[in-house]
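So the protein sequences, as listed, match chains D and U.
Residue 186 is where the first sequence starts when you use the working numbering, and the numbers rise one by one after that.
Residue 439 is where the second sequence starts when you use the working numbering, and the numbers rise one by one after that.
Any given hint might turn out to be false.
[To be verified] Keeping only pairs whose Cα atoms sit at most 25 Å apart, straight-line, the calculated BS3-like set for lysine-lysine is:
hint, chain 1, residue 1, chain 2, residue 2
1, D, K302, U, K442
2, U, K442, D, K391
3, U, K442, D, K316
4, D, K440, U, K631
5, U, K551, D, K391
No wet-lab data here; the hints were simulated from the structure.
Spelled out, the chains give:
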Amino acid sequence: MSDDVMAEIHRDYLFNLVLKGERDDGRAFDEFRDISIETGVAGMAEGSALVTLGDTQILVGIKIQPGEPFPDTPDVGVIITNAELIPMASPEYEAGPPREGAIEIARVVDRGIRESKAIDLEKLCMIEGEKVWIIFIDIHVLNNGGNIIDAASIGSIAALLNTTLPAERYGLGEDSPLPVRDIPIAITAIEFGGELILDPSLEEGKLAGTVYTVITNSDNGISGMQKSGVEPLTIDQVMRVVDMAGTAAAKIREKFLEV
Amino acid sequence: MSEKPEHFIIDGKRLDGRRVDELRSVKIKLSPLDRADGSCYIEWGRNKIMAAVYGPRELHPRHRQNMTKAVVQYRYNMAAFSVSDRIRPGHSRRSIEISKVGRDAFEYVVFTKFFPKTAIDVFIEVLQADAGTRTAGINAASLALADAGIPMRGLVSACAVGKVDGEIVLDLMKEEDNFGEADVPVAMAAGGKITHLQMDGHLTRDEFYEALKLAKIGCDKVYKLQRQALIEKYSGDYAENGEDAITQSEGDADE
């Protein structure tokens, strides 16, 4: 429950740095912290990825099982995304069912994967109206070092690219790779001191009046957005983030992820 | 779910006869509820939404109080019978997310610093849903806050923009929302300041920019409707005090 009050003096320090065009860790405003992705780390999962983004560590596991489709979409597979902010990851997290923060993270990551049509859900239908593959994306935040949404988004698509359809286990034919055809990546900016800053660290995130996430695809199209936080943005600021997000996502895609 | 129409736009007209930059018909009724401190009922196309505001009032439990400002609480809820397949009553993950970003849409305009330790509660009940309930809810909430006399920088006005048949259109109706190519709900405060923004679907950068500009036009239209509703409701009170609010307010409807 503790709000983890940051000393006013430190807040002022970070604010003044931004006004000088600097950040505490020396990064440029559009510069990401180091990213590493390790796939296949959870052996019982159909796919998994451990992502570190600066101090943030997130493990994403994919489980797949056959099940019934939703009645309004009888001929496509199902994606269910969940995020757990477990108490291990931060003194501010508590055990229990997901709260609005965790729900928002899961829904934004889900939005990117769903709306980009990254998974070919039509190929996941076995018997229309009766049997489809259900993909569970479970986002496990192990250490909150800031910017969870981007790390969760990178981890989720990395895990999906590493996922096998477990057909043999269910007597449904041979195992095959999950049909993934796009790489949506969420890039989050905060507005702080009139500046737009990508990949906010934990402390920067706490100062943010606004958190604005843009999810772009391999073709640089936009497939999802979420603004949260209390400060407004202008149309100019929004478009600047869109451009920054496209560039940053392309870099990450190029370096780490391939369809 | 109904079938996907072959075309959404024929000869510049949409399925319900609107042009691409037209809102659905909007009816607003202020103060329909007696117990709430402020309330607003809005019919937005076939959406029917009630908003109520309580507060500022003491916030319980007390550990949630903020010593420097009021806490804005926002609850978006859909009635079980508001959609064709009954939905289970109570919070869903969708409604929790909409409630969170709905609250964020208002924090900027409400002068929360005037009321430390209190809560300002906004309740949205969707009674009949037909696409665009979160934006219609924000519009109703904005008026309910004004109706409750909560000091604000100004109103928040919201609308959705989207893409159907390759064209950017204002205020998606049900079919356009279900089968269209993108949906971008936006809320703005005075000066085009964006206080709410979400997006799903697929848009290029330039399409998105076009969508945002259309959203601004839409929000301006909504603002005029909201303002008109407030004047209609309250100008009588001014008139009784010897003021004629309507005549002097003509002409400055833009912000």
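| query | Which earlier hints turn out false for this structure, listed by number in ascending order? | reply | 2 and 4
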